[in-house]
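Use these hints to put chain A onto chain U, whose structure you have.
So the protein lines, in turn, are chains U and A.
Here the first sequence is numbered in the numbering used here, starting from -17 and rising by one per residue.
Here the second sequence is numbered in the numbering used here, starting from 12 and rising by one per residue.
Please note: incorrect hints may appear among the correct ones.
[What the hints assert, rightly or not] List time: in silico DSSO-like cross-link candidates among lysine-lysine, alpha-carbon distance up to 30 angstroms: (1) Lys276/A x Lys459/A; (2) Lys398/A x Lys246/A; (3) Lys24/U x Lys459/A; (4) Lys76/U x Lys8/U; (5) Lys398/A x Lys12/U; (6) Lys71/A x Lys124/A; (7) Lys111/A x Lys68/U; (8) Lys13/U x Lys356/A; (9) Lys431/A x Lys12/U; (10) Lys276/A x Lys24/U; (11) Lys473/A x Lys271/A.
[What the hints assert, rightly or not] Partial selection, computed: residues in chain U whose CB lies under 8 angstroms from chain A: (12) Ile(-14); (13) Leu25; (14) Val33; (15) Ser37; (16) Val51.
[What the hints assert, rightly or not] A few chain A residues facing chain U, derived, Cβ under 7 angstroms: (17) Pro318; (18) Val322; (19) Leu350; (20) Tyr354; (21) Lys367; (22) Arg368; (23) Leu372; (24) Phe375; (25) Ser379; (26) Leu430.
Rather than coming from a laboratory, the hints here were simulated on the basis of the structure.
Just so it is clear, CB atoms sit at the ideal spot from N, CA and C, and this is done for glycine as well.
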Amino acid sequence: MSNIISDETIEYVGILAKLELNDEEKERAKKDMGEMLDYIDKLNELDTTGVEPMSHVFPVNNVFREDAVVNNDGREAVLLNAPERKEDCLVVPKTIV
Amino acid sequence: MSLMSLTAVQLGEKIKNREISVIEAANAALDAIDAKESSINGFVTVDRENALKRAEKVQKDIDEGNILSPIAGVPVAIKDNMCTKDMLTTCSSKILGNFKPSYTAEAVINLEKAGAVIIGKTNMDEFAMGSTTETSAYGATKNPWNTEHVPGGSSGGSCAVIAAEECSYALGSDTGGSIRQPSSFCGVTGIKPTYGTVSRYGLIAYGSSLDQIGPIAKDVTDCATVLEIISSHDKKDSTSIKRDDIDFTSALVDDVKGMKIGIPKGYFGEGLDPEVKEAVLNAAKELEKKGAILEEFDLDLVDYAIPAYYVIACAEASSNLARFDGVKYGYRTQDYNGLHNMYKKTRSEGFGAEVKRRIMLGSFVLSSGYYDAYYLKALRTKALIKKAFDEAFAKYDVILGPAAPTTAPKLGESLSDPLKMYLGDIYTISVNLAGLPGISVPCGLDCKGLPIGLQLIGDCFKEKNIIRAAYSFEKCEKKL
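Just chain A, same shape as in the assembly:
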C-alpha cells in the first residue's frame, strides 16, 4: 500500500512517530505522480528537486522539535492560482505561462510554517473560470474514477490528485463551487470556509468578493485540521476577518443529537439526477438516525443565484484581470504597433475563450448605461439571497443538499454550451454570494461508479456545525 493511501493526519502521525521519514513521504508522492500523471494530468508543475530539499529541512525541524503540527512533513499540492515564491504559478493560463512570483500566498505560508512540503501546483480551469478543468491552457485533467470523465472544476487538479492518491492533501479555491463541486465529482472532501476566514493575499483574484481558499482531502478530519492551520487574520487582505473560533478540529465530534437540519425543497427539484437525489436523501436519513432533526423548507431565490453570480463574478473578473497587460510580468505578444495594440494583442493571445467571454460580459455589465440594470440589480439580488439564508439559519443549524445536480460529465460534453455548464453550479453558487461555509463529503456512487457528493451549508462563522455533521455522517457511512 502506498503512503499516499493514508490520510494527511495519519501520515503526519507516522512521521511524528518516526515510522516514516519526511523524505519517504515526499518520494511516495513523487513516485505516485510518476505512475499516474500520464493518465490524470492533475499537475501543471511538479517541483521534485525543491520538494526533496524542503523535505530534508522539515525533517530536521521535526527532529529538533521546532514543528509540532499534525501535518508536519506531509506532502501537499497547491492550486496553481496561489502564488508560490520562485515556483511557476500559471493559473492554467498562457498569459502567466512563465510567471514565477516573488512572494508566497499567506495561506501557503501558514502551511509552510506547519511543516508542509509542497510537491507541485495543480491544474485548474483557466483563472478558475469553469466547472470542468477543461479550460486549462495545459490540457484537461481527467477524473481518476473514470478517465473519460471530467474531475469538475475549477479546482479539478487538486481534487483529482487527492482521489488518485498522488498527494496527501491539497489547497483549492472556491468562487462559485470550485472546491465543493470537483470534490463531489472526485469522491473527496472539501471545505469552502466563511468569506474572510483564509487570507486571499497571493491568491490570484477572479471574483474578489466571492473567492475563498479551502482544503481538499480524503476525509473531514484532514479538512478540519488543514483549515485550522490556513485560517488567519491577515492585514494584507483588507477583507480578512479576525476570528477567535478557528479551532475547527474541536468540532470533530460524532454527535448530531438535536441538530436541526433544513432540506431546501428547491434543491431536489427539476434537473437533479435521481441517483444523486437518492444518495443525498439517504445521507440525510443516516444523520436522522443519529438524532438530527430533519425538516424540509422553502429556500427562496434558488433560481436567481446563478444569474446574479455571473454578473458579479464577471464584473469583478473584468476589473481584476485588467492587470494582465504584458507590461510587468507574464506573456507579451511578439509583434505590435504601439502600446494599446500591445495590450490588446497580448490579452487576446494570452487568454482562452472562456476567460475572454467572462471579461467581455463583465465589461458590458459595468459599462455606462447598463451598470444599474445589471450590476446593481445583481447586488440587490445578492442582498435578498443573503436575507433568505439568514431566515433559514434562524431555524436550522445546517442546510443539507447535493453539491452538484449530476455526477461527473464526460470530457468534452460541457464546453460547447456554456450556459448549461453554468447551471451545474446551482447548489453551490448561492453559498459564495452569501459568504457562507460549505463542505462536500462523498455519499455514494451512481450506476456508472462515479462519486456523489453531499453538501452541508452552515451559517457564517459556523464551520463547526458543518464539520460536526459531516464527521458524524462519515462515521456512519459505508465507505465508498
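Isolated chain U, as found in the complex:
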C-alpha cells in the first residue's frame, strides 16, 4: 500500500465528515482509505494537461426565476419530523455558550 493514512489524517477527516469513530473503526478506515487511494492513483497514468474539469456533461447555466411562493405553508408537516420541537421551533443543543 503506497498511501499510508496517518492517525492525524483520519482524525482530520473525522472532523470534516462529522463522524466519531472508535479505535477499531479508525484502523479499518485507515486501511480502506489507503487501498481506495492506491486504486484512485491509477488516474495519474492519464495525462490531463490542458483538459478542463467537467462538472456537468451538458452546458448548464444558472436557472433564474422570480422568487415567488408557490407552495402552501408546510410548517406543521415539516415539524412533524423534528427530533425535538417546542411550539413552532426545532429544539437544538445550546450553540452559544
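Coordinates of chain A only, in the frame set by chain U:
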C-alpha cells in the same frame, strides 16, 4: 396465474377493458407480497391501507374517464430513496428510519397523475451506496432466482420484487449502475435515462451530477411506457432538461436494419465471466441477423471510469449527506454533550459502514491540499471519458456490452472487499459519468440458472435507439 405475471401494460389493458378492477390488481400485489416477502425482503414498507384506498380512487377516476394512461390502476413499487408524502422514506438507513416526507418526488407525482397505485417502498443499499442491497439497515434483499444470491444493487429491492412478481413495475435510481446491474442480476429490464430527463426533485441525493431515476419492469415495452410518463421538465430541479422527444414508446419497433452497433473490446476482456461473454455476444449476433451492423472498436479509458467515479460520487455524497445531522428530521442520538457532539454521535450511530466509508473518502478528496490532485483530476478524467463516448457515437448508434462482469454473487461474498465490489460496476459506471442512457435486458442464464443482462448504451438523448435495439432483441430472443 397471478395478475402479477402480466406486464404492467398488459394489466393496464385489462383494467381499461374492465376485465379486472384496480382493487383486484392491488390485492394481487398485496397477496403476492404476503406469500413471498418472507423469503425475498424486497420491501422496506408496504402500505396496504393507503394502496387500497388509492385503488378505489383510481378506479373511480378511470370510470369517469379522467385517466387514460396505459398504466392507470397498475400497482407500482418505489425505491425508498424517493420521497412519498406521509409514507416512510428511509433510504434503507437508520438515520431516516422515522422520516415521513411532507412532499412527493416529481417522478412519483408524474406516475400518480397517470393513475399509478403505490404499493410500497423497496429496499436498497443504504443511500444507494452499494452493489448488492446488503448495506441496507433493514436486512439484505434476496435474489428471487436463488435466494442464496444477492439481487444486485443499489435498486436491488425494486428489481427483486419485479422478478418475484410481487408488483407490476418499479422505479429505481442509477448513479453508477444501480438500475442496470440489479436488473441484470434479477432478469428484469431497466433503463437509466439521459441525465436530466427525469426530475431529481424529491430523490434523496447521493451523487447529484450522476443520479437519475428510471423504470424497472418485465419488458422493454413497460420500461418505455413508464419512462415516457415519468420524464418531465421540472423547474424544481435545476439540472432538468427540456426535451420534446420523450415519446419513447414510438421507438418500440422491431427493426434494426442498418443500425450501427459498436462493441467495445475492453468490455470483453479480463474479469468477464465466460458464460456472460457468450450470452452477450450471442445477443449481438441475433441483432446482426436482423440487419444490424456490428463492429468491434476500442473504447478508451474503460479502466479509469471506476476510480474517477468513486472520487466524484463520494465527494458529492460527503456534501449531500451533510444535511443528516439530527436537527430537522430523522434520527437523533439520545445522549450528547453540546451541538457538535450531537452531530457526530447522530451521524456515527445513524449511518452504516459503507456510507461512512464514502463520506470520509469524499471529505478527504475535497479537503485542502488534495482537491486538485483527486477531485479536479477526476473531473478532468470525466471530460476525457465523455470525449471517448462522443467519438464512439460519431460512428455508432448503439454500444453493446454486458451489464455486469458476472451473474449475481452469493450473499456475504462482496462486502468484505469493497474494492472488489466496486469493480463489478465497470461496465455501467462510465455511462453515468458521460450522462448517457443505458438499458439492461435479460439475454440468458448461466449454468447456475442465474440471469445474464445485455447492456445497450445510447448517445445523450438517444434513448429511442437503445429502446428500439432492446425491443428488437426481445422479439427474437427465446424467453428466459
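Consistency of the hints with the structure:
no.: 1; hint: Lys276/A x Lys459/A; result: holds (26 angstroms)
no.: 2; hint: Lys398/A x Lys246/A; result: holds (29 angstroms)
no.: 3; hint: Lys24/U x Lys459/A; result: violated (35 angstroms)
no.: 4; hint: Lys76/U x Lys8/U; result: holds (29 angstroms)
no.: 5; hint: Lys398/A x Lys12/U; result: violated (35 angstroms)
no.: 6; hint: Lys71/A x Lys124/A; result: holds (14 angstroms)
no.: 7; hint: Lys111/A x Lys68/U; result: holds (19 angstroms)
no.: 8; hint: Lys13/U x Lys356/A; result: holds (23 angstroms)
no.: 9; hint: Lys431/A x Lys12/U; result: holds (18 angstroms)
no.: 10; hint: Lys276/A x Lys24/U; result: holds (20 angstroms)
no.: 11; hint: Lys473/A x Lys271/A; result: holds (13 angstroms)
no.: 12; hint: Ile(-14); result: violated (14 angstroms)
no.: 13; hint: Leu25; result: holds (5 angstroms)
no.: 14; hint: Val33; result: holds (4 angstroms)
no.: 15; hint: Ser37; result: holds (6 angstroms)
no.: 16; hint: Val51; result: violated (14 angstroms)
no.: 17; hint: Pro318; result: holds (4 angstroms)
no.: 18; hint: Val322; result: holds (6 angstroms)
no.: 19; hint: Leu350; result: holds (5 angstroms)
no.: 20; hint: Tyr354; result: holds (5 angstroms)
no.: 21; hint: Lys367; result: holds (6 angstroms)
no.: 22; hint: Arg368; result: holds (6 angstroms)
no.: 23; hint: Leu372; result: holds (6 angstroms)
no.: 24; hint: Phe375; result: holds (5 angstroms)
no.: 25; hint: Ser379; result: violated (10 angstroms)
no.: 26; hint: Leu430; result: holds (6 angstroms)
Against the hints set out earlier in the document, violations occur for numbers 3, 5, 12, 16, 25.
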